[in-house]
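Protein chains: 4
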Amino acid sequence: CQALRMASSGMNVAAFQKDKAYVDGKWVSAKSGKTFEVTNPSNGKVLGSVPDMDRSDAQAAIETAYRTFQAWKSTLPKERSDILRRWFELCVKHKKELATLITLEMGKSFPEAEGEIAYSANFLEWYSEETRRTYGDVTPPPAHNKRVMVIKQPIGVAAMITPWNFPSAMLTRKIGAALAAGCTVVARPAEDTPLSALALCELAEQAGVPPGVVNVITSSRENASPIGKELCENPLIAKISFTGSCAVGKLLLSQCANTVKKTSMELGGNAPFIVFDSADVDKAIQGLMFAKFRVTGQTCICANRILVQEGVYDKFVQALAKVIDSQLKVGDGFEPGVTQGPLINKRAVEKVENLVNSSVGEGAKVVVGGSRKDGPGNFFNPTLLRDVTTEMSVAKEEIFGPVAACIKFKTEDEAIAIANSTSYGLASYFYTNDISQSYRVSEALEFGMVGVNEAAITSPETTFGGWKESGLGSEGGKYGINEYLAFKNICYGIQHKA
Amino acid sequence: CQALRMASSGMNVAAFQKDKAYVDGKWVSAKSGKTFEVTNPSNGKVLGSVPDMDRSDAQAAIETAYRTFQAWKSTLPKERSDILRRWFELCVKHKKELATLITLEMGKSFPEAEGEIAYSANFLEWYSEETRRTYGDVTPPPAHNKRVMVIKQPIGVAAMITPWNFPSAMLTRKIGAALAAGCTVVARPAEDTPLSALALCELAEQAGVPPGVVNVITSSRENASPIGKELCENPLIAKISFTGSCAVGKLLLSQCANTVKKTSMELGGNAPFIVFDSADVDKAIQGLMFAKFRVTGQTCICANRILVQEGVYDKFVQALAKVIDSQLKVGDGFEPGVTQGPLINKRAVEKVENLVNSSVGEGAKVVVGGSRKDGPGNFFNPTLLRDVTTEMSVAKEEIFGPVAACIKFKTEDEAIAIANSTSYGLASYFYTNDISQSYRVSEALEFGMVGVNEAAITSPETTFGGWKESGLGSEGGKYGINEYLAFKNICYGIQHKA
Amino acid sequence: CQALRMASSGMNVAAFQKDKAYVDGKWVSAKSGKTFEVTNPSNGKVLGSVPDMDRSDAQAAIETAYRTFQAWKSTLPKERSDILRRWFELCVKHKKELATLITLEMGKSFPEAEGEIAYSANFLEWYSEETRRTYGDVTPPPAHNKRVMVIKQPIGVAAMITPWNFPSAMLTRKIGAALAAGCTVVARPAEDTPLSALALCELAEQAGVPPGVVNVITSSRENASPIGKELCENPLIAKISFTGSCAVGKLLLSQCANTVKKTSMELGGNAPFIVFDSADVDKAIQGLMFAKFRVTGQTCICANRILVQEGVYDKFVQALAKVIDSQLKVGDGFEPGVTQGPLINKRAVEKVENLVNSSVGEGAKVVVGGSRKDGPGNFFNPTLLRDVTTEMSVAKEEIFGPVAACIKFKTEDEAIAIANSTSYGLASYFYTNDISQSYRVSEALEFGMVGVNEAAITSPETTFGGWKESGLGSEGGKYGINEYLAFKNICYGIQHKA
Amino acid sequence: CQALRMASSGMNVAAFQKDKAYVDGKWVSAKSGKTFEVTNPSNGKVLGSVPDMDRSDAQAAIETAYRTFQAWKSTLPKERSDILRRWFELCVKHKKELATLITLEMGKSFPEAEGEIAYSANFLEWYSEETRRTYGDVTPPPAHNKRVMVIKQPIGVAAMITPWNFPSAMLTRKIGAALAAGCTVVARPAEDTPLSALALCELAEQAGVPPGVVNVITSSRENASPIGKELCENPLIAKISFTGSCAVGKLLLSQCANTVKKTSMELGGNAPFIVFDSADVDKAIQGLMFAKFRVTGQTCICANRILVQEGVYDKFVQALAKVIDSQLKVGDGFEPGVTQGPLINKRAVEKVENLVNSSVGEGAKVVVGGSRKDGPGNFFNPTLLRDVTTEMSVAKEEIFGPVAACIKFKTEDEAIAIANSTSYGLASYFYTNDISQSYRVSEALEFGMVGVNEAAITSPETTFGGWKESGLGSEGGKYGINEYLAFKNICYGIQHKA
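Chains as they are written, first to last, in the numbering used here: chain A, 4 to 501; chain B, 4 to 501; chain C, 4 to 501; chain D, 4 to 501.
In short, the hints are calculated from the structure, not lab data. One should not assume that every hint holds.
List of simulated lysine-lysine pairs, DSSO-like, C-alpha gap at most 27 Å [stated by the list, open to error]:
#, chain 1, residue 1, chain 2, residue 2
1, D, Lys-232, C, Lys-253
2, A, Lys-332, A, Lys-34
3, D, Lys-23, D, Lys-96
4, D, Lys-155, B, Lys-155
5, B, Lys-481, A, Lys-76
6, D, Lys-354, D, Lys-48
7, B, Lys-96, C, Lys-98
8, B, Lys-376, B, Lys-354
9, A, Lys-332, A, Lys-376
10, C, Lys-481, B, Lys-155
11, B, Lys-481, C, Lys-481
12, C, Lys-155, B, Lys-481
13, D, Lys-76, D, Lys-37
14, B, Lys-500, D, Lys-76
15, B, Lys-318, B, Lys-76
Which stretches of chain C does chain B cover? Using the computed rule of at least three CB atoms under 8 Å from a CB of chain B, they are [said to hold, decoys possible]:
#, region
16, 132-146
17, 486-499
Quick caveat, the model's predicted, so the values are computed rather than measured. Yeah, the Cβ is synthetic: ideal placement off N, Cα and C, and Gly gets one too.
All chains should be built: construct the whole structure from the sequences, respecting the hints.
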C-alpha cells in the first residue's frame, strides 16, 4: 500500500535507495564485501542492506578526500555556491522520495519527515549563500611600516559522524558548511539510517559536486568505533564534527587530542521548559507539544524537565493532559494522522519504560499514558507525569521519548537554579509575559539556546550549539561556517619611500 | 652592581618579588607548606622561592574563582574596562621593575625584557577596549512570529597554563581577554618563571581587580602534572588556555575530553623562513635576525627552517654570517650590549648542541658558532649552518635556540612543499618583491601567521594562532576575546495582534 | 558667591575661560578684530567676549585643517588613541571647571552640567578605542585572478556646527569620531555657548592634539550664516556634521549639494512618549520626568507628545502632577536643589508661552504651571497640560521647554499612528509590560531611537540618529566613526603561475 | 537580418519590448497620453515608443509605492530572497533577448550586452542572498538596567534615476538592494534606454514581485527634470539613488535638501591609469584596453588620464598603438567581431571630436585614429594620443569616448599628485610589480576604487562608490544594502529583581 501510494504519486523511491557507499564519486562496496541490514522501526522489516565498511575503507575515503581537497579548496566561492544551490533545489524537488526514506528507516511521521527534508535542504541553501561572505579583515595598521590582514581559508578535510534522529538534516547542516568553506568531506551516518545519507549523495552528484568532495561511508555498529577512531586520529583529517551522545562525544574528543584535531560537538541535552505564572498557558502548552513530542521526544532539544510555577501548575497539567489526548496519535509514520512514530529500537523503549516506572516508584503520578503500546514496533504511548521532583531519574537523564515530566516550583530563582543544575547546556525554554523577567531568565539560563514563548527555535539562521557538556562550537547561523575555516594573519612589511 | 643600578634608577624590585601565591585576593602558601626555588639561568643563582602547590591548592583556587564568577560576570563592560586599563597603566609605570624580574628569572636581555613588558601591558589595554565591543546579533527574522538574537556571555572560570619564554605577556594575553569577557581566572605559570606572574598580581590588586577574579598558583615541575589534570577535569572550569609544547598540549586535550572542556592551545612551531630570488636580501637578513635570534631563538614563532632560493643562497649566507658576527653579543641579560641571553636550562643547551652536531655529521657546514659558550650559565653561541637539507634533524625539530639552518631550494613550488611538510602550522615568513608571488605563497602556506617581507609579526591587533598541530583557537586581535565568550541564541515568540 | 565657591573648591575656572578662538594651535582673534559678548541666561549678565569671526577666518581655518590633514591622516590609530585618551582624562580631571562654564553660559543646573561633562568626555574615551577597530574587509575572491579588499581611510577635513544645549558633548561626539578616524576639524560652536568649546581646545592642546588638527572658530549670529556657507561650499572640506534645527539643517544641505559634500545631520525631534495600559505607571512617570524636564525640556530627544492610554490616563496625569510639584525646582543652575534652569533666551520663553496659551485656547487644561516665572532670567514654570489633542500646536511643534502635553488614546494602532504622524523621526518612548507589544511597537515606530520602559536612552554606545527629516547619518556607537571614513575598494590582479 | 538571427536562435525579443510604463503591476500609458521615440544609435532608426510621463505620473507611482511599502516591509527576508532569485533566474534564462534590447537601444556590442545582462542578473542574485543577512546588533549593556540593540529596517520608498550606458545593470544594482532591504521602488530610466528597464519589469512580474513594489516610469528628456524634482521633493520618498552626471547629481542633491532625503549618488569619474616602470607592460596594455575601450569608452570608470612613467612611456605607446589597431573593430553591435559600438548620440561624438582637436591644437599627437568614422551612426574611431599634458582639456574633462590620452611622468609622487588633482574620485588604476609601491599608491589615491594590475574591478562583491564629487554612498558588496536600511537603536529598561 505504501509502494502503491508512492507509485500513484509519481515517486520513484527506489532510485534513491542505495545499497552501496559513496566514495570518490563512485558507488562502492566495503573492501571486505560485508554488508549490514537496515530495518524499519515501525515493524521490524528489513528495508535493504548497505556496505559494512571498516577502518581500511575509512582510510581510503580520507585519502580520496585529502587528494580532492587540493583542487576543491581553490574553487571560487561562487562556483561552490552554484553547486550547493543546485543540490538544495534537487532536495526540494525530491522531497517526497527523501522523506519516504526517512520514515522508512527511522520511523518519524511522514509529515515530520517532509519537514525534515525542507529543513535539511534549507541548510544547503543557507550555505550556498554564506560561501561568498567569508570576509577576512584588514586590520588597521599596528605600525607605520606594516599592513595586516586576516584571511579565512578552508580548514582541510572534514569528518562527520551523524545521528539517526535527523538522518538528513544533521548531514546537510555539516556538509553544507564544509563545502561552502571549501572543505571536502568524509561522513559516517548512523547505522540505523544510512539510506537517507546515501540518497543525499545521489543528488549531490546530480548537482555537480565533484567526485571525492563528499564521501559517505556506512558501517554497522561494530565498525562504528574503529571508523570513529580513524577519523579522529588520521592527520589528513583537519576537523571532525559530531552530533550524538555525550558519551561518544567524549570518546571522540579524547581520540582527537593526539593530532590536535579541530572539533565541533553537538551532544546531548536536558532541556528545561519553564512556565511562569504570568505566561499564556495555552501558548505554553502549544509550545510544549512541539518541544516535547516532536519526533516522539527523540530530539536533542526536546523539553526534558517541565518546570511549572505553582500558580498555574494544576491548570497547566490538566490542560496539557487534554491536549495530549486529543492531538497525539501513535502509529506507523505513513498512516494518516499519526504524529507519534516508533522509538528507534527496543532498547530505547526499555529505557523510557524504566524511567517512567522508577519515577512512579519515587512518587510521580501518571496523568496520561505511561506504558508501551501493544503490538509490533517500538511504540511508547505519550505520557504525562505530575508531581515529579528534581531527584527523580526522569528529571536527571535525557529521556529521549514521549514523556512529559512536570515539576512544580515557587520562585524565579528556584526555577533558574533547577534549570541550571545539570551538566548539559543545549536548549531551554520559558514562557512569561514579563519583559524584565524575559531578560533576566534568558540571561541566567546556562544553555546555548533559549526559547522565550517559543518552542520552534531552530532554523538555518539559528546559531545552534550547546554549553557545558552539551558541546563545542556551533552550527548554522552567522557563525556555522567558521567551524570549517582556518584564520590566517598576514603581515606585510612595506617601505614608505620609493 | 645590579642592585645598585636598580637603586640608582629609583626602582624597587623587591616590592614586586613575591614568595607567595595569590588566591582570592590573598598572598598564600601551599597547603602543604612546601616551596621551590627559582634560579637565574645566567649564573645558576637562587633568586628566591615560592609555594609548591599541589592539586588540593588548585581545587581551592578553582572554587574561589567559581564563586567569584557569579558576581564578576554581571559587572558592566565599562567597569571591567576601567580595571583593565588601570592594570595596564600600572604595568607601564613599573616597566623597569617587571622587566628586571624577567631578566633575572628567565635570562633574556634587559631591553628585550622591557619590550616584553610593553607588549604584555598592551594586551591589557587592548582588552580593556574589547570588552565594550562584544556585540551580539539581531538575526533578521526567520518567521513572522519570531525574533532572534545572539548574545555573548562570559564562558565561566578560565584556567591558564603559561610558559617561561614570555613569562608576562603570555599571561596578560590570556587574562586580559578572560577578564574583559567577564570570566574569572586560575593561572599556573611555568615553574621557571613564577615571579613575573606574581608581580602581575600585585599590580592587579592595585588596579582594583576584585579578590578571587585572578588567582595564580605556583608549583614545581613535579606538581605541574596533577595541577594540570585538575584544571582539565574539574567541571567548575569552563575553559582552559595553554601555551607551551605540543606534547603537553596533547596531554591536556585528552584530559579535557571528559568534561567537554573548551580549549585554546598555542603549541609549538617549526617556522619556515623563505627568501626568494626577487627578495631584498638586506631586508631579509634584517628580518631573519629578529625572527631567529630574538630571545636567543626561544620563541614559538622563531624561524626554524631557513629556505633560500638558489639565486641568492650564497650571497645570503655570506651576508648573514657577517651580520651575526657584528650584531650579536652573548652574555648576562643585564650587561650592556648583550643581545643573546642564556638558554633556559642545561637540558636546552644539550638539545641544541645535539641538533648542531648531528646535522654537521649529516653534512651541514658550520659558518658561524656551532658550540656552547665556555663558563657558567646556559649559553650557546649564535650559529649559522649551511648546506642543510630537509632530512636533517635540525630541519625537522623545533630548535628553540640560536641556530640558523639554511636550506637551498629551486622553485616556488618546492619551497612551499618543504615549508608545509611538517605537522606544525604556527608562523611562517617569506621575502619577495613579486606581488603575485606574495599572494600565491601567503595563501599556500599552511600556517596561522605569515610575515611577508616582515618578521615582527605580532602585536595586540594580531590574530595569533596555529594551524594543524600547532594549536586550537586564537589570541589577540579581533577574535581573541571570543575564546572566553559563550554564544547564546535567543528566540522570542511574539504575537502580531494586540 | 559663585566665584567664592569655586575658589574654595580649588577650581580655577578662569584658566578655561578663553577670549580667543583656536586655530592652528594658536589662540587667535578675528581678522576683523571684532568680538561679541557671551551672557548668562539666568541673569542676563555678560560673562565675557570672544572673536566674532567671519567667512575669511573660516577660510583660513579650513586651509590650516587641510594642510594639517596631510600629516594627521598618516598617524597610527594607536597614536590617535593615546591622544584622545589623554584628552578624555583631562576632561574628567577638570569636570567641575568645565561644568561651571556650561552652567554659566547656558544655564542648565550644575549637576546636569557635570553630567554633561562626564557624557562629553566619554565620547573621547569611546573613540579613543574605536580608532584601532576600523577594520576593512578582505572580500572572498570574485575571480581566480583577483584579490579584493576594502580599506577605510579618513575622509578629510570635517566641519562641525554645534548647538547650545549640549555645548560640550555635541562637540566631542563629533570631534572624537573625526580625530579617531584620522580627520582634522574646523568647528563652529553656537554663538550662545562658545566658552565650553574653547575650554575643550585648551585641554586638547594639553592632551597633545597637534596644532591645526582641531580648530574652533567663534562668531556672532550674524556671521553664522556666511561661515556655514563657507564650510558647506569649500571643496577642502570633505564632510560636514551639524546638530541643530531642521531649518538650518536643510539650508546647509542645499549649500552642500554643489560639492557633493558628505553630511551628517542631527536635527529636531518631536518625540512621542506612549504609556500603555499595561505599563508600570510609576516607572513611566519616572521616565517622563527625565525625558521631558531634563535641561528644562531643551533637548532634541525630549518627550514632546505624551500619549497615554485611556485606562491609565487620569491616574497618570494626577500622579504626574504631584511628582512635578514635588521634584522640580526652578532657578539659577548653581543654586542647590535647582533642577530647572532658564531657557536659553527670551525668544524661547515667548515661544513656549505662546504654545501653552494657544493650546489652552483650543481646549487644553493646565494642571500644573502654565506661565513664566516672575523676575529676571529666562525662566518658565514646569507645566502640565491635559486634554491635549493632536491638532493643537503644542502637539505639532517641537516645544523645547518644560511643558508636558498629555494626549489620550484608545488603541495600540491609534498610538502608533499618532506617533508617526510627523515629519520628525528622532527619539520615541513607550511603556508596556507586554512582550509582544514591546516588539510590535518598537518595530512600528518610525524613529531612530526607541526607549522601551526607559527614558535615558543615550550613551557613547548608542547609535544616535534620526529618521525622516530628523537627520542623516548617526553618531556614537558602533557606526559613528564611519561618518568620518571613506571606503576604498582595492582589486589586485594576480597571476597564478610563477 | 537581425530579426532573422533572433528568430533562428529561438529568441522572442518582441515579448520583452514594451510600449507602456509599469506601475502598480500594470502596463500603463502617461496620463497625458504622450509618448516619445526610442532610436538605435548605430543607425538612427526608431525602435518604438514609450510613454512620456510627467510629474503627475510620478506622483501616482510614488503613492502606489508608498501604499505597497506598508505590506512589503513586513515580508520575511526569505520571501524576498525567493522572489529576487526567481527574477535573477529569469534574467539568465532570457539573457539573449535582454542583451538584444541593449544593443538595439544603446549600441554596445552584443557580447558586451550579454556581459551586462550577466552582470545585471548577478546583482539580483547577490541581493537575494544579502536580504537574510541584515544583522542588527546587541550592544553590550551600558548600564545594569538597560539592554540595547540596533535593528535595521527598510528605509521606505526608494526612487532611482539611472543612466543609458548600463541600462539594465544600473537598475538591478539599485532595485536588488532596495527590494532585499524591504523597500519599494519608483525608477526612472534614461530616456535613451527605457526598453531594457521595462523588459526587467516583465520578468519581475513573472518572478512574483507583487504589484506596486517595482514601478518604472518613462519620460522624454523634457520631463526628466520635473520628474526628478518630484522624486526629490515628495516626502513619501525616503531615499533617492542616482547614477549619472555630476551636474545632474548636484541638482538633485539641492532638491533633496528640503526633505532631508537620504541619497546615494554615483556620479562621474576622471580615472587615472598609471603605468610604473616596474609594471608588466603587456598586462598594463591588456588592462587598459578594457579600462579604456569597454562600451566605447562610455563608462564612468573608464580610464581617462593615462599616466606612464618615463622609463616605459615610448614602449607603452608603441605597443598600445599596435593592439588598438589589431583588436578593435568599429561598427554595429550585432556585427560579428565588432568591439566598438556607436556613441550614444551626435552630441557625444561632437564632444569627443572637440576634445581631440583642442588637445592636438595644444600639442598632443595622434598616434591612432583621431576622427569620426564616416557614414551613418554615431561612430568615433579608437584614438591614441601621446604627448598629452595635464593642462589639456582631454586630461581635465571626462572624455566618455574611445580616446586614450597618454601623459608622461617621472616619479611616483608626481603621478599621485596628478592623479589626485581632480574633483572626481571614482575609479583609478595602476600597474606595478613593487609590493611597497602597491600599498603606497593604493593608499594615496583619492578614489573610491583602485585596480592594482587589474582593470576589471567591478562585480557584485565590489563596494562601488566615489569619493569627492564622484558620489555619496556605495553600491554592491557588503555595504550596498545599507543604503536602503534605516538603523534603529532600541533601549529596554529592565528590573533586576522579580
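Which of the numbered hints above does this structure break? Per hint list: 2, 13 and 15 violated.
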